[in-house]
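From first to last, the protein sequence lines stand for chains R and U. So the first sequence is numbered by this note's numbering: it starts at 1 and just counts up by one. So the second sequence is numbered by this note's numbering: it starts at 1 and just counts up by one.
Derived by calculation from the structure, the hints in this document are not laboratory data. Glycine is no exception: its CB is placed at the ideal position from the N, C-alpha and C atoms. Do not take every clue at face value.
Covered stretches of chain U, as calculated for chain R (at least 3 residues, CB under 8 angstroms) [to be verified]:
id: 1; region: 81–87
id: 2; region: 176–185
id: 3; region: 262–273
id: 4; region: 310–323
id: 5; region: 479–489
id: 6; region: 516–529
Listed below, chain by chain, are the residues.
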Amino acid sequence: MLSDHAKTGPAGDLTSPAGTGTSKDVRKRGSRTRRARPRPFGSRLKRDWQLLLMALPAIGLLLVFHYVPLLGNVIAFQDYSPYVGIADSPWVGFTNFQWLMFDESFWDATLNTLTITAFQLVFYFPVPILLAVLLDSVVRPRLRLFIQGIVYMPHFFSWVLVVTLFQQMFGGAGLLSQTLRDHGYTGFDLMTNPDTFLVLVTAETVWKDAGWGTIIFLAALAAINQNLYEAAAVDGASRWRRLWHITLPGLRPVIVLLLILRLGEALNVGFEQFFLQRDAVGRDAAEVLDTFVYWRTLLTGEWSYGAAAGLVKGLVGLVLILISNRVAHRFGEQGIYKRS
Amino acid sequence: MTSRRGFLGLVGLSAAAVAGGGLLAACSAPSGPRPGGGGATAAAADKLTSLTPTYTAFPGVKPDLPGTVSTLPGVPDVSGGFTSYPAAPTAALTQKAGKGGTYKAMTPLWGPPPPGLASNSYFQAVNADIGATVEFQITDGNVYGDKAIARLAAGDIPEIMVIPSWEIDKMADFNTAVDKAFEDLTPYLQGDKVAPYPLLANLPTAAWQWSVWNNKLMAVPFPTEPYPFALLYRKDLFDAGGWNANPKTADELFQLGKEITDPKAKRWAFGSIHEVMWPTFRIPQDWRYEGGKLVHKYETPEFELMLEFMRKVFAEELVHPNVAGSKGANEKDLIGAGQILVYRDGLGGWKELLQQHRGKNPDFSLGAFPLFAHDGGTPIMYHNTAAGIFTFVKKGLPKEQVEEILAILNWCAAPFGTKEYELSNFGVEDKHFTRGANGIPETNDLGRKEVAYTYGFLGGRPLYVDWPYPDAVKLNVEWQNAGFPFIEKGPFDGIRIQRPSKYSGLQVPTEDKFTDIMRGRRPVSDAKQIVTEWRRDGGDEARDFYLKVLRDNGRA
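Let's have the full structure, built from the sequences with the hints guiding it.
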């Protein structure tokens, strides 16, 4: 390191005459040296050490809680037993993945997950946007705050509570069923019907999270230049025209960003909601990848198999992110990252 | 910026490679068994006797309702019951059990959790009497296995850990886990070494035999009653409603269900009952040995009949919607509220229900349906093995601590009629309970809040029906004695078997599929397909293992 520094030191000095260290010059010189040769490590460190120091805690956090645990994924290639440890468990190559490919319950779970994602993309994703636009149109600040408070609240309820609430409302012994029975109709049980499960979980998600989801859209709405609306109104644009030509285009980058993030999470539909309701409607409707991994790993002790399923899930998620990001670029949007 | 692009390219490439690998793999069926299968062993219980502690009976009170002495190998006795409470319970131990140590103990509880040690005068009083601090980590009994397996895998073991045998049956690789996690108690308890723990020496030898893993005495057993479960019903409501509490066939049970169920009145006949329907349809408890072949319970024609019956029960909506509709439904509350009238529970649940509800509702009473077979013929009933719950001690504790823990377990093993038993079951007199008529302790409000069955799970004691409800004791002992002749004799009785891991692991996924049939989500004809999958995924392998056990023991 030291000798490196010594060697490249003079060359660095040649391109930067002492005493001309204005910010403009530094930038110019920086770009020039990058093309020719990287700036010496020591001087970069000297320049950036405060920034690095500030990033250190975050990097540490990532390392300890993300990257180091990631190494545990090697058990997917082992016949792993937690009682024996990673070091002593036998290696089995891709055997777990091979079994996974032939496991119909794995594919059922994958299909369920994708179906639920697709359904929620259509029936859940737009709800917060609509709600945000509606909220934004409420003029009286007190009323608006009041409504916001109410729609945010369910987000803080646990899934157990949400499912119980739905059970008490729409279950076979729920309020709605009992009321119907009291008036001479037959009751119904929404909670155990696998055919309507998709609607049920989406309804639960909307109830719980749609309000919370508006926050980011409300922020984006606030950033839209109000002069545009005034100008459009002066030109005689109707409410709908203003929505279509000003509000929605203003929201577009945020919508696309969230859409990509959602697609990357396509195989993550949540665990608890499905875990709680799986037995009621059965595996065929409610087994998603996360519950599959849970049932295969924790309950039966097949840790390696569960890890293999988790890895496949992660890889599919990555591919989806890459694809949707590419699509976003096509449409001229920023996406979540951009090649330079 | 090149580096990031390079990195992403690399990741993309490897993702494609792995996806490709998966596709390649999809072209060729995997050969050989799936990874994951720990060792399984079997030993005739009588050969394990050299490891067990020497039995010394504790001279205590004798039950006034006689039980039934078991003549079936590996099947526990019906121990009899007490309908009266001894006038002056005596102390079983003359010395303090503990030496001031502090230990964490993980125990299950089927019911509302009590306040923690710091704000629970019952825990404090018992700990003071023991002379050591036991701090309980109480976990919901319904999900106990999930928690226990996670803690075992993580190596996060409390000093004292209670694991029920039915949870162990579902765990893969427990044979390895038990060695890694828990202390070998053989050097402390084998033969006459048990002398410092006279109340542990009072536990039946058969129960100790079931506490052996890998030829080591690993746990202190909790002796059980012979029956894993019964069909319990709300006797008071049945009497009031004039319903038939003695159905003789599956059809009569079904009709009874239809009669009782009235959603308008918020009343459903059943909670979960299907496990009791297994013996009712004469499905073998595990395997049936006939004509030189082992037939698993899933493979019997009776099993399909049971599925059909349960399907009918669900289709008619005779099961409470909350039980059918969510995981967290609390059947004991629903029974208490009279929203469910019949459900399956262990006989211990009977007592817990009385404790929970009789205080608020003095009329609350339960009964158990007499055993019956689906077709009205001779019924069969399953049996427990000699130990139902085990208490393990964490591995690697210093000798003095292991000895102190065993002394605590010895305290907890004090049988009915002793001062220790009274304290552990009812708390402190005039604080948690008062003596009612006939001297039977009656729990008061503070007792109901603070006294939870915790110390009782540590170790075990000869299992009498010693509930403070003489009417229920009588019904229970009568039911147990009447059922004993119908206990099914299995091909493996008396053989201590550590189940093959893969066979254990198969249980939950396979029974999930059968549940789909019962709930009407798959046709009954799919049962054959499910059995085929079960055989492929390890069922046949297990059959070979079990057949070998029979041969090794000269039974096949």
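For the region 262–273 of chain U, do three or more residues have a beta carbon lying closer than 8 angstroms to a beta carbon of chain R?
Contact hint for the region 262–273 of chain U vs chain R: holds, 4 residues under 8 angstroms.
Check whether three or more residues of the region 516–529 of chain U sit with their beta carbon closer than 8 angstroms to a beta carbon of chain R.
holds (count 4)
Verify the coverage statement for the region 176–185 of chain U against chain R, using a C-beta to C-beta distance below 8 angstroms and requiring 3 or more qualifying residues.
Holds: 5 residues of the region 176–185 of chain U have a Cβ under 8 angstroms from chain R.
Between the region 310–323 of chain U and chain R, are there enough contacts, at least three residues with CB-CB distance under 8 angstroms, for the coverage claim to hold?
Result for this restraint: holds, n = 4.
Whether chain R covers the region 81–87 of chain U (at least 3 residues having a Cβ closer than 8 angstroms to its Cβ atoms):
violated (count 0)
Please check whether the region 479–489 of chain U has three or more residues whose CB lies within less than 8 angstroms of a CB on chain R.
Check failed, 0 qualifying residues.
In this structure, the hints that do not hold are numbers 1, 5, in rising order.
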